[in-house]
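As you go down the protein sequences, you meet chains A and B in turn. Note that our numbering gives residue 52 to position 52 of the first sequence, counting from 1, and the numbers run on in steps of one. Note that our numbering gives residue 98 to position 98 of the second sequence, counting from 1, and the numbers run on in steps of one.
Note that these hints are calculated values from the structure, not bench results. Some hints here could point you the wrong way.
Said to hold, decoys possible - Estimated spans, in silico, between C-beta atoms of each pair:
id, chain 1, residue 1, chain 2, residue 2, range
1, A, Leu-170, B, Leu-54, 38 to 44 Å
2, B, Thr-101, A, Gln-180, 43 to 49 Å
3, A, Phe-164, B, Ala-39, 25 to 31 Å
4, A, Lys-126, B, Arg-103, 25 to 31 Å
5, A, Asp-16, B, Phe-104, 45 to 51 Å
6, A, His-121, B, Thr-96, 31 to 37 Å
7, A, Leu-170, B, Phe-43, 48 to 54 Å
Claimed, not checked - Using 30 Å as the maximum straight-line C-alpha spacing, the simulated DSS-like pairs for lysine-lysine come out as follows:
id, chain 1, residue 1, chain 2, residue 2
8, B, Lys-79, A, Lys-20
9, A, Lys-53, A, Lys-118
10, A, Lys-181, A, Lys-111
11, A, Lys-88, A, Lys-171
12, A, Lys-53, A, Lys-90
13, A, Lys-171, B, Lys-79
Said to hold, decoys possible - Partner residues aside, some chain A positions facing chain B, computed with beta carbon under 10 Å:
id, residue
14, Leu-76
15, Val-83
16, Val-109
17, Glu-183
Because the structure is a prediction, the values reported are computed rather than measured. Using N, Cα and C, we set each Cβ at its ideal position, and we do this for glycine too.
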Amino acid sequence: MNNEATIGHAHVHRDDVGSKMGMWLFLFTELLLFGGMFILYASYRFMYPENFKVAAMHLDTLIGSVNTILLLTSSLTVALSIVALQRKQKMFSVFLLMFTVAAGGAFLVNKFFEWSTKIGHGIYPKGPEMANLSDGEVVFYGLYYVMTGLHALHVIVGLIFIGFMIVFILKGKQTFDNHQKLENAGLYWHLVDIIWIFLFPLFYLIH
Amino acid sequence: MSENTHIQESSAAELQHPGYGLYILVWAGLVGLTTITVALAGFNLAGLTVVTALAIAIVKSLLVTNYFMHVRTDSPIFKVFIFVCIAIFLTMIVLTFFDLTYRFPLK
Chain A
1 MNNEATIGHA HVHRDDVGSK MGMWLFLFTE LLLFGGMFIL YASYRFMYPE
51 NFKVAAMHLD TLIGSVNTIL LLTSSLTVAL SIVALQRKQK MFSVFLLMFT
101 VAAGGAFLVN KFFEWSTKIG HGIYPKGPEM ANLSDGEVVF YGLYYVMTGL
151 HALHVIVGLI FIGFMIVFIL KGKQTFDNHQ KLENAGLYWH LVDIIWIFLF
201 PLFYLIH
Chain B
1 MSENTHIQES SAAELQHPGY GLYILVWAGL VGLTTITVAL AGFNLAGLTV
51 VTALAIAIVK SLLVTNYFMH VRTDSPIFKV FIFVCIAIFL TMIVLTFFDL
101 TYRFPLK
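Can you build the whole structure from these sequences, using the hints too?
What follows is the structure, encoded as structure tokens:
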């Protein structure tokens, strides 16, 4: 009847649906932020289809695929950690979240090696190799760094967010009947996953 | 009567929070679709390459939003939210491409 539980104990203000709506509204701003970049990508790909193909050939499909599987699996473990907490399996829930952090960390390590290799080849803004590339290829790598970079930033933020949830569960601040914060952290992590689901084919799988 | 309500409540909770099995099944589907996209990229599908890659990505994101993000069982208002957001995004794409195809006509 009322979202504010006042019976039996001190006034507790809690509105789970409102909290979830707030999170979704925030996710939409994220979606439109990346959406703008996807439109930029689509426009340049429309203008330089051949150059995009040539540039994409030089990205490592294997690393991209491994990273996709890592993120999908980490999304699964977040979803499972919520079920575990609802079933009062607190330590299992924490374990699943720790697995998520490990998978997210592995994603970032792969990304680090991927970027390092490209930078090692002189492919970075004003890098020595850039002068030898066509306009479309330069634009492709520009978009590649900005979009995967912004995505990686989101992975880092998501990992911090999940780290807090681990602490909250251990301290008993997120429990089987009060875990909206964990749900919101999960929503954020799944959004990061969805963005990667689109980034992966658009950058790694053009042939 | 009260027992009936209780049963209804618990089945509603069950529906809202499915067990581990369903999530693992969805994950297996997502991994399967990833394998298909990577495998398809090896073939020359000409103009259909982008379309198939995007179609698979859309199916994958539908699985993530409906199951992992609980949209399937949440209040319908969240579906309305998402619809409005996607509609705005699609409008932006369509308007951009009206401009682009006018400036750089397809050969």
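Now the hints, each set against the structure:
1. Take Leu-170(A) and Leu-54(B): their Cβ atoms lie about 41 Å apart, and the range 38 to 44 Å holds.
2. In this structure the supplied range 43 to 49 Å holds for Thr-101(B) paired with Gln-180(A), their Cβ-Cβ distance being about 46 Å.
3. Between Phe-164(A) and Ala-39(B) the beta carbon distance is about 39 Å. The supplied range of 25 to 31 Å is therefore violated.
4. Checked against the hint of 25 to 31 Å, the pair Lys-126(A) and Arg-103(B) passes, with Cβ atoms roughly 28 Å apart.
5. Roughly 49 Å separates the CB atoms of Asp-16(A) and Phe-104(B), a value that falls within the hinted 45 to 51 Å.
6. For His-121(A) paired with Thr-96(B), a C-beta distance near 32 Å keeps the hint of 31 to 37 Å intact.
7. Distance hint check for Leu-170(A) and Phe-43(B): the Cβ-Cβ separation is about 49 Å, which falls inside the suggested range of 48 to 54 Å.
8. With a CA separation close to 13 Å, the supplied pair Lys-79(B) and Lys-20(A) stays within the 30 Å bound.
9. The hinted pair formed by Lys-53(A) and Lys-118(A) meets the criterion: a straight-line CA distance of about 17 Å does not exceed 30 Å.
10. Taking the CA atoms of Lys-181(A) and Lys-111(A), the gap is about 28 Å. The hint holds against a cut of 30 Å.
11. With a C-alpha separation of about 14 Å, the suggested pairing of Lys-88(A) with Lys-171(A) holds against the 30 Å cut-off.
12. Under the criterion of a C-alpha separation no larger than 30 Å, the hint pairing Lys-53(A) with Lys-90(A) is inconsistent with the structure, at around 48 Å.
13. A C-alpha spacing of about 34 Å is found between Lys-171(A) and Lys-79(B), which places the hinted pair above 30 Å, so the restraint is violated.
14. Checking Leu-76(A) against chain B: minimum C-beta separation of about 4 Å stays under 10 Å; hint holds.
15. Here the hint on Val-83(A) is kept, as its CB sits about 6 Å from the closest CB of chain B, short of 10 Å.
16. Because the smallest distance between the Cβ of Val-109(A) and any Cβ of chain B comes to about 20 Å, over 10 Å, the interface hint for this residue is violated.
17. Taking 10 Å as the C-beta contact cut-off toward chain B, the hint placing Glu-183(A) at the interface holds, the least distance being around 8 Å.
The earlier numbered hints that this structure contradicts are 3, 12, 13 and 16.
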